[in-house]
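Engineer: Here are the chains, one letter per residue:
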Amino acid sequence: MGGFQYLLLFAWLLQKNLAVAVVPLLASSNICKFNPTQTTIALEKPYCFYVSPNAVTVYLYVVMNNATNLTLDQTNTLTSTEGGSKAPYVAAMFSNPNCMDTPTISQIYDFSQVQTTLNKYVVRVGNDENCFNVNPCNKALKSNVAYRFIYVFYNSTPAIVFQSEWSPPIYTKQGKDSGSIDTWPGRRSGGMIVLTSILSVLTFFVLAGLVAAIITSIMAPSTNTETRRHETRTSHTVPQKTDEVAEYATASSISERYSSNLQA
Amino acid sequence: MAEKGSSGLVVFIVFGNAIILLCGLALFAETIWATTDPYYVYPVLGVTGKDDVFAGGWIGIFCGFSFFLLGTYGIMAAVKGSRTMLTVYLVLMMIVYIFESASCITSFTHRDYMVNSNVIKKQMLQYYSANDTAQGREITFFWNRLMLERSCCGVDGPVDWVSYTSVFRQSHTESEAPWPFWCCARDSNFQILNEAACRVGLPPYINDQGCFDHIGHAIDSYTWGISWFGFAILMWTMLVMFATMYHYFTM
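These protein sequence lines are chains H and X, in that order. So that you can map any letter, position 81 of the first sequence is 159 in this note's numbering, and since no number is skipped, the others follow by simple counting. So that you can map any letter, position 112 of the second sequence is 130 in this note's numbering, and since no number is skipped, the others follow by simple counting.
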């Protein structure tokens, strides 16, 4: 007897959970890769939430997470609820999606069908920029605010025939200030360190070598045969140039003379 | 005198200068290639005011041609064995050496600044579609062209445009354009494939790759050419200069 009661309870729970545990979900990240953004949140349309042969219209209500009044009212608009901060407002209304006709991946990638498939599958909250107090108004959301959503199904009366559960809070993205991006390059690359240090050291060595060479060239000749070269400087310049090959052996003496010219 | 013992050294100096001469010509051509900017990334560097990768390129043009001339002159000086000519050669080569070092270091340092930081992203967000300034127009034109030609979007992808505030966001709401329309995939006539699909960020209809790879690759190519090739020439030049100095001491 007791076992039968538990079985009944279990069956009732099972039925209840299956029927009611439906909440608005974010659209698949394969479809909406960058979701949510700062002012929009793309949701999946409620496929097979409520199956009925009659004409049913789905209302999407949006409310800020901190709103206390969750009364569903078809006449609530974005302006009258101050963007959902006071009470849920109707952001979109559309006919109940056909459970037999769920969109497929191939339709998404088919260029000719993508438009209709997206309309069937995605409802983008914050999609409409220009609604002047019309209902439903789907104006841009506020950035970095948690929103909750609910799908409510109305028949033609209109009366509520079914409603999903409230979604968990979904945050819109916070737009970071682009001026706050740090442009400090951080660690220097290894190549830059190697190049700079090696080149600096080598430049120093080469410069030191050059200075040494010039100093010795200035110091060395001044000690020995300076006077003789000064005497021969003017008279022998022209003939020496003519027999260059013969003079090649004594080329160093010529250049020494030039260098002492520099000094004089 | 000493030239009998150091004739092998003279041969080395002549050979070394021949190499410097040829490398100088190559550096000359290579830096001209870099400064003409075939990848078209100059606006990115120019607007930050950190365009010294190209400054290094211009110094490289001067140094390349100077290496060519000095290599020729060095061969003459070594063959002639003139102390004066060698002095002039060493002094001039030293000057070019210092300039070429400056070119290498400048180019590499600024490459680090551009590539290792977020400066390109910040610049894109602050200048793209700011059509009231010359820099804004230049950056806008640059990014439009880049995103169209390379089929990419933003620096790291479309997420740049929804993660940060930007000048573009002030003029375009996310409802209308979460990212510039140039991020949308286009057909061969440059028509947007599907605007609604692009708007929700559906990958085949949006370029979900960032453009940073292209910009980084271009800057790196220029820098490797200017800095590492210049560095290699300087290594060789150093050996030749030491040999010349030794020759100068012993002659």
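Hints are supplied without guarantee of correctness; some may be wrong.
[Said to hold, decoys possible] Non-contacting residues of chain X with respect to chain H, defined by C-beta distances greater than 10 Å in every case (computed): (1) T151; (2) G154; (3) H235.
[As the list claims (entries may be wrong)] Only pairs whose alpha carbons sit at most 27 Å apart, straight line, appear in this in silico DSS-like list of lysine-lysine: (4) K111(H) / K140(X); (5) K254(H) / K140(X); (6) K164(H) / K251(H); (7) K111(H) / K254(H); (8) K251(H) / K68(X); (9) K251(H) / K220(H); (10) K220(H) / K68(X); (11) K254(H) / K68(X); (12) K251(H) / K198(H); (13) K220(H) / K164(H); (14) K220(H) / K111(H); (15) K164(H) / K198(H); (16) K111(H) / K164(H); (17) K68(X) / K140(X); (18) K111(H) / K251(H).
Derived by calculation from the structure, the hints in this document are not laboratory data. These numbers were taken from a predicted model, which means no experiment stands behind them. C-beta atoms are modelled at their ideal positions from N, C-alpha and C, and glycine is treated no differently.
Engineer: Does each hint fit the structure? Answer for all of them.
Structural biologist: Here's how the hints hold up against the structure:
Every beta carbon of chain H lies more than 10 Å from that of T151(X), the smallest distance being close to 16 Å; the non-interface claim holds. In this structure G154(X) is separated from chain H by more than 10 Å, as the shortest Cβ-Cβ distance comes to about 14 Å. Its beta-carbon lying about 15 Å from the closest one in chain H, H235(X) satisfies the requirement of being farther than 10 Å from that chain. Proximity of K111(H) to K140(X) is assessed by CA-CA distance (about 23 Å); at most 27 Å being required, the pair is judged to hold.
For the suggested pair K254(H) and K140(X), the alpha carbons sit about 11 Å apart, so the restraint of at most 27 Å is met. About 21 Å separates the Cα atoms of K164(H) and K251(H), which keeps this hinted pair within 27 Å; it holds. In summary, the hint linking K111(H) to K254(H) is supported, as the alpha carbons are separated by about 19 Å, within the 27 Å threshold. Using a Cα cut-off of 27 Å, the hinted pair K251(H) and K68(X) is violated, with the two alpha carbons roughly 33 Å apart.
Restraint check for K251(H) and K220(H): the C-alpha separation of about 9 Å stays at or below 27 Å, so the hint holds. Distance restraint check for K220(H) and K68(X): the Cα-Cα separation of roughly 37 Å exceeds the 27 Å cut-off, and the hinted pair is therefore not satisfied. Between the alpha carbons of K254(H) and K68(X) the distance comes to roughly 25 Å, so the proposed pair stays at or under 27 Å and holds. Between K251(H) and K198(H) the alpha-carbon distance is near 25 Å, which keeps this suggested pair within the 27 Å criterion.
Taking the CA atoms of K220(H) and K164(H), the gap is near 14 Å; set against the 27 Å cutoff, the hint holds. For the hint linking K220(H) to K111(H), the alpha-carbon distance of about 20 Å falls within 27 Å, and the restraint holds. Restraint check for K164(H) and K198(H): the C-alpha separation of about 30 Å exceeds 27 Å, so the hint is violated. Distance restraint check for K111(H) and K164(H): the Cα-Cα separation of roughly 31 Å exceeds the 27 Å cut-off, and the hinted pair is therefore not satisfied.
For the hint linking K68(X) to K140(X), the alpha-carbon distance of about 14 Å falls within 27 Å, and the restraint holds. Between the alpha carbons of K111(H) and K251(H) the distance comes to roughly 14 Å, so the proposed pair stays at or under 27 Å and holds.
Going down the numbered hints, you'll see the structure goes against 8, 10, 15 and 16, while the others check out.
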